[in-house]
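Enquirer: One letter stands for each residue in the lines below.
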Amino acid sequence: MTGKNRLNGGLIDRSTSFGFTFDGVRYSGCAGDTLASALLANGVRLMGRSFKYHRPRGPMTSGSEEPNAIVELRSGARKEPNTRATTAELFDGLVANSQNRWPSLKWDAMAINDLFSPFLTAGFYYKTFMWPKAFWEKLYEPIIRRAAGLGSLGHDPDPDSYDKGFLHCDLLIIGAGPAGLAAALTAGESGARVILADEDFVLGGRLIADTGMLADEDGAAWAAETVARLNSMPNVRVMSRSTVIGAFDHGIYGMVERVSDHLPEPAPGKPRQILWRVYSKRAILAGGATERPIVFENNDRPGIMLASAMRAYANRWAVSTGSAVAVFTNNDDGHRTAADLVSKGVKTTVIDTRPDAPDTADYETLAGASVTNTQGRLGLTAIEVTLSSGTTRSLTIDGLGVSGGWNPNVHLTCHQRGRPQWDEKLAAFIPGGTLPSGLSVAGAASGAFSTHAALQTGQAAAVQALGDLGVKSSTPDLPTAEDAPIRVTPFWHVAGAKRAWVDQQNDVTAKDIKLAHQENFRSVEHLKRYTTLGMATDQGKTSNIAGLAIMADVAGKQIPEVGTTIFRPPYTPVAMGVLAGRSRDKTFRPVRKTPSHYWAEEQGAVFVEVGMWMRAQWFPQPGETHWRQSVDREVLQTRKSVGVCDCTTLGKIDVQGTDAAEFLNKVYANGFAKLPVGKTRYGLMLREDGIAMDDGTAARLADDHFVVTTTTANAVPVYRHMEFVRQCLFPDMDVQLISTTEAWAQYAVAGPNSRKLLQKIVDPEFDISNDGFPFMACGEITVCGGLRARLFRISFSGELAFEIAVPTRYGDALMRRLMEEGKEFDVVPYGLEALGVMRIEKGHAAGNELNGTTTANNLGMGRMVSKAKDSIGSKLSERPGLNEADALKLVGLKPVNSDDKVVAGAHLMTKGTPVDAAHDQGYITSACFSPNLGCHIGLGYLKSGDTRIGEIVRLVSPLTGVDHEVEVVSAHFVDPEGERLRA
Amino acid sequence: MHDLSPLTPLGNAEPSMETIGEVTLTEVTDVALASVAARLGREEDTRAALKKVIGADAPETSRHAGSTLRAFWTGPDQWMVEAPLETHEDLAKMLSNEIGAAASITEQTDAWCRFDLVGRDLFRALELLCAADTADWSGGEVQRCSIEHLGCFVLCRDPSTISILGPRSAAGSLHHALVTACHAAF
Amino acid sequence: MIINHPILGPRDAAEFVYKGDASLINRPDPQSDNAAERFYEYGYLRDNPAGLHRELWFHEQGDRSWLVVTRDTTTHEITKVELARDVARAEGRSR
Amino acid sequence: MRYSGFRVIKEALTGHRGWGPAWRDAAPKPHYDYVIIGGGGHGLATAYYLAKEFRQSSIAVIEKGWIGGGNVGRNTTIIRSNYLLDGNEPFYEFSLQLWEGLEQELNYNAMVSQRGILNLIHSDGQRDAFIRRGNAMILNGADAELLTTEQIVARYPFLNVNNARFPIKGGLAQHRGGTVRHDAVAWGYARGADQHGVDIIQNCEVTGFQIKDGVCTGVETTRGFIGAKKVASCVAGSSSRVMGMAGMRLPIESHVLQAFVSEGLKPLLPGVITFGAGHFYCSQSDKGGLVFGGDIDGYNSYAQRGNLPVVEDVCEGGMAIFPNLGRARLLRMWGGVMDMSMDGSPIIDRTHIDGLYFNGGWCYGGFKATPASGFAYAHLLATDTPHKTATAYRLDRFAKGGMIDEKGVGNQPNLH
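Chains as they are written, first to last, in our numbering: chain A, 15 to 997; chain B, 3 to 188; chain C, -8 to 86; chain D, 10 to 425.
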């Protein structure tokens, strides 16, 4: 026997007993228990403290709407703050601790707030803590922050993994109560692809919490049989522990499956949870209803809970929630709870607000009475009842069930801003407004509260949904079930009650709502925001309606006039981990490796992230202790002899078709029509707004075949842009675009000895001499005895240089061969840093210069924008603002004192002017140490820079403490005439 | 014949292969690829030529067809041709000769890495990887979709054989995603 | 969202890249006398309707088609999807 | 009525009977000197400064729903002035300075919390860009500090530095940046404006403008015609809709930006932090919820709700830098309609119609700009000249080529 409050029966497995601890105390429960049911079975009612006043709290519900019984579940890196004890499945060794209390749950120092509650009313903090000014960050806020918050999150990385997945179905059924099961049965038998999802770990909804009969068997048994039947259908996927968290556009639903939360830890390789993106043609919401409380004085003590929860604990979990209990109700359903409890031998009294309350011999009913106060510091000990006669009577009880009627779970119908509408007969909001497309509602969620109505509306909804899809549905016979009429007389709060809790977690009382109204926070949204009503972790599932009712009361309006707040996703809070899935840590994004990656690793290269690519930054040699040594060596050796660099990451786009040249004329600012076959040309690409978008080269391999290169970063956007130009602007041009970035391993071979090196691997029939293969030549060749390759004589370094491309799978071998054959020239591999140094020395623009705000004019390429033809961006590049007399121009900068550094990101100031924004002259885009010039150099944009060569300006970087003089020079630090290129 | 030796997308001399539960995951490197994009107004000529090449009608939208040489649909009037690398190392040139000026041909062999999944209920791994609805695929289907942020082709050879083509440079990441999904699913 | 691709059928909008108002197809004639004004309006002014909106989407993770999608910006309901190339031709664009 | 700690105590002891309405619900008069369309943060701030600083009277703010119901009540509460370009930085710095004195100015505790904002750096190129930005901030009189990874880890010990796909190479901090209790900003300005005689008219939607020979003389509303000497539109995401009634097309698209809040947690994040290799920014509210966001969904929308892919992208960003967030739970998500402009920067200007003024294009810079936007707009309305920090925010800058493009992505609003 597990626990003194354990009754007979129930859906728990008494043969499997689980040991667990709460606040360090050992208890035992059964398989099928939740943490809450197990604790209650052990006589533990106090499970938490409220947010503001730190009032003692116990479970108010038996489900995911729980506002009070929230704990820190598990320990160490797996600690989960704010976990509902009412939904946490018990497992052997479970560890839970109470939260938001100090030093202990029983003796919480912060409970002092409860005494000060008159001062801590709604929004009090907006009216004080303003003086002295500095005290907010230093004193008030730290205190408030420490007092606020619920559970605490650990610092260790979440050790579990999460998956994401995609499901497709004709019909998604949300909720596996009587309505959902009937719908699934109907759709399943009709052969449709069905997903039946329920947040619980036992399916059946109220059928497993109540004692009603379906035909001649009890509801729980029928539910189990039906689930088994559905599981046997190949076209039906039954998913328990699966919460549909949101209804998104066009029939897409988010669903979280808790794969391993009921286990001590996930099995190897298995995820903790899965986020399913469900693509449904139709969906049925059969999410049931939630009972609502009545608001009265001190209605928040442990032992006071929803009547339906008491019933569920007794029926499903065989737990008695009190030795002597009362039920406070305004409707017939409260009597159902009383009947169930009495049948379990629990002494029960019913306090019914209705003078015409039904009477029975099974228990005492106090008609026209109401609960006007309660006692019990850490748990209910007695209540004060005011009878219809007006006299009061005290009842010594330790359990009070409250039933204020039921609210349909309309949440998902609001996720696309559908507004629920008020139903007078049910005294509740039912789905209204525009529902998410393809979604219909059945059962209690639609206001069909009786089991019979749930079964019938579930089947009808399935028939309707399948009909929409053109599927003829069979209608399996459904069992007969209770069809009791709904008898409820609205009763929201006991008149005069002040410290009566509406939102129990956030400690919003009836008084707070009245105050909000008094201060003109009268729109529902103002009420919500000002009092924090409904903003707790239960999103107001048990509090919103009572809040509206009280607001309506003070405003002298009807509830629908006051309005309603719509619910937002997610339906219940979702672990951030599952929304991220596998995209975290090293696998946050894919890694792209260059063809020479593994070879470079062998060389001990230092790698750097460039977008998704990993690129070799430099190749340290023995004895080199600082990166600069490696980079300087790579640069000097390349300029002196020859170096090789993997430039595969540059985008490559195959442009073919009879209009290929004409097409390039449109996308590039400069002309390509006259480019001869076998030649390459630099191209500058503008956005339509006239700003430089990207640059690269286009090599003409044939009349109707170009190979275009883009910068690494812009490979994808440029391809997208070219497809836009092709499909949307010039649809009748005969041009085809294929990205071939990955197909070719491409290496820059640069330096005076680059030709000599290449001649050793290029097959003899190809003449790559300066005459046979001049500057900017390109062609298809073979290497190493017949391997197809492409050769381009282009140079980013400013040296005599080539780029050679072979099919990617041979990239590794080619690099090794180049190094082998290059030994006689002391060939060096060079990385991204050396590449950067050499292009800065040569004054070539790159990403830092093409920063999305620079024009051809800024780059000193104004003349390249052909006026002879129309090209993307040419027109808007003519706007005056982009062509001002003092426009920024790309220049080189060199320290006056050669020891001084040039810092990228530093700003430029005219000598003798104040250092402020008003006198800003420009900024440094790229900087490096030039081993060739023996000093730092930089490229930058300077107002009218082209006319200021030779001027000494100030380079300032207050952020990094730099302020010294630099000389404005030509951006071409090395070989300005370009003789080396053509050698 | 040249003397350079190739590397597989995963960076080895030989293609990798592993078994996860009942499912085998193989790196496939013996297939040559070339894209065929019809020139404007030459769509029918291209289909006809392609039919000669693969010995079957040019595959319709989201389908693949052929025998030794196969083609799969990649876009409007655009296909990818697959052929044994052994015999068709220079597939692109071969296709150019066959199809001539009717289409633009581009070598794609090394633009892609390919992994084949072989086993039962493969959809259970695939549903953790991509949005393609593969549960009732029976063979001949192809869909381009996103797997772990990578643009991939998923081809169904037969109900128990799925090929996944992804960008070659990201082979390691794609392989890791496939292995992880198989462990989670099987 | 789901975009019902005219060739491929329903696809998750996450496979697409959004550009903007389909009027971007109507690039002005650079030769026209008020070209500067027209390019400014083409480049910068938008109707930005609360309601039906014709817009350009690129199927980046799919067949690389540019599409013109007619979508209600207040409900996200999609009522029409066309190949942008067909739309461009229909609107008189050629080469 | 003045708010103070003493007042709170006094009212507590007397049953809180003394608290009056924070602002009056006014009924529209037939004519005002100024009619401000839009009871959001900017509109209410404009009215407040127009009345208080520029000594104007006869001012109405008309709001189609309830005040503060737009983006001022839907944002991630961040304030900062870490801008790069001279067209922007002085304006946002002016705004930050107004935030710094806001509670005392309004006698309303909006919980301006200068806990600092930190932009993480993940690459050398990004460092260069942030150094340029930090320098621009300092040259404009703002504060900025370049932090090392070690300094950052000291504040955020659970930051993923050892197992990250994109390593953290430092960060740019603005210590004066921080957060503000967003709703309280609207309520504080409303209360302040009300106390200076401004009529705040809720549930009053503009249905048209009265424009005669190029002069705007008032607005048609659901509560009748309201005449005005000057009509000032200040409706953020609804800008195109409202100005469309005046026959104007704007360089603006409306996009949905989602925002998120987690369950309440004990103090975890000391300040505001933004991921530099993905879309994620986050702070922790005084109540304990992690308030975070990322990129806009990317398609035109007026629906005030987004979709799953962006939710996932944002949480991926969060897990990338804070792997301990896996076990925190997302509690609520919502969407706001952003007036995304063509260069990512706002517009505060007269229109070609006399008497009609426009304020919009805030993208998602709107909340932090609230005080300066109100002040500068009030300046323009009262003096017909732009405030000195807002001279670049002109409507004609696109035609003239004077874009203020912080991100450098050009005329595509969803990229800003």
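Careful: at least some of the hints might be erroneous.
As the list claims (entries may be wrong) - Only pairs whose alpha carbons sit at most 20 Å apart, straight line, appear in this in silico EDC-like list of lysine to aspartate or glutamate:
1. Lys152/A / Glu109/D
2. Lys409/D / Glu892/A
3. Lys416/D / Asp304/D
4. Lys178/D / Glu892/A
5. Lys284/A / Asp123/B
6. Lys837/A / Asp123/B
Unchecked claim - Cβ pair distances, simulated, as ranges:
7. His40/D / Gly404/A: 55 to 61 Å
8. Ala148/A / Arg232/D: 40 to 46 Å
9. Ser880/A / Gly141/B: 48 to 54 Å
10. Leu650/A / Arg258/D: 54 to 60 Å
11. Gly404/A / Gly42/C: 56 to 62 Å
12. Gly42/C / Gly206/D: 49 to 55 Å
13. Pro504/A / Asp123/B: 50 to 56 Å
14. Ala161/A / Gly206/D: 34 to 40 Å
15. Asp27/A / Gly141/B: 27 to 33 Å
16. Thr70/C / Met10/D: 28 to 34 Å
17. Asn212/D / Gln22/C: 48 to 54 Å
These are computed hints drawn from the structure, not numbers from a lab. Glycine included, every Cβ here is placed at the ideal spot set by N, Cα and C.
Enquirer: Out of the numbered hints, which ones does the structure contradict?
Expert: Hints 4, 6, 12, 15 and 16 are the ones this structure does not satisfy, whereas the remaining hints hold.
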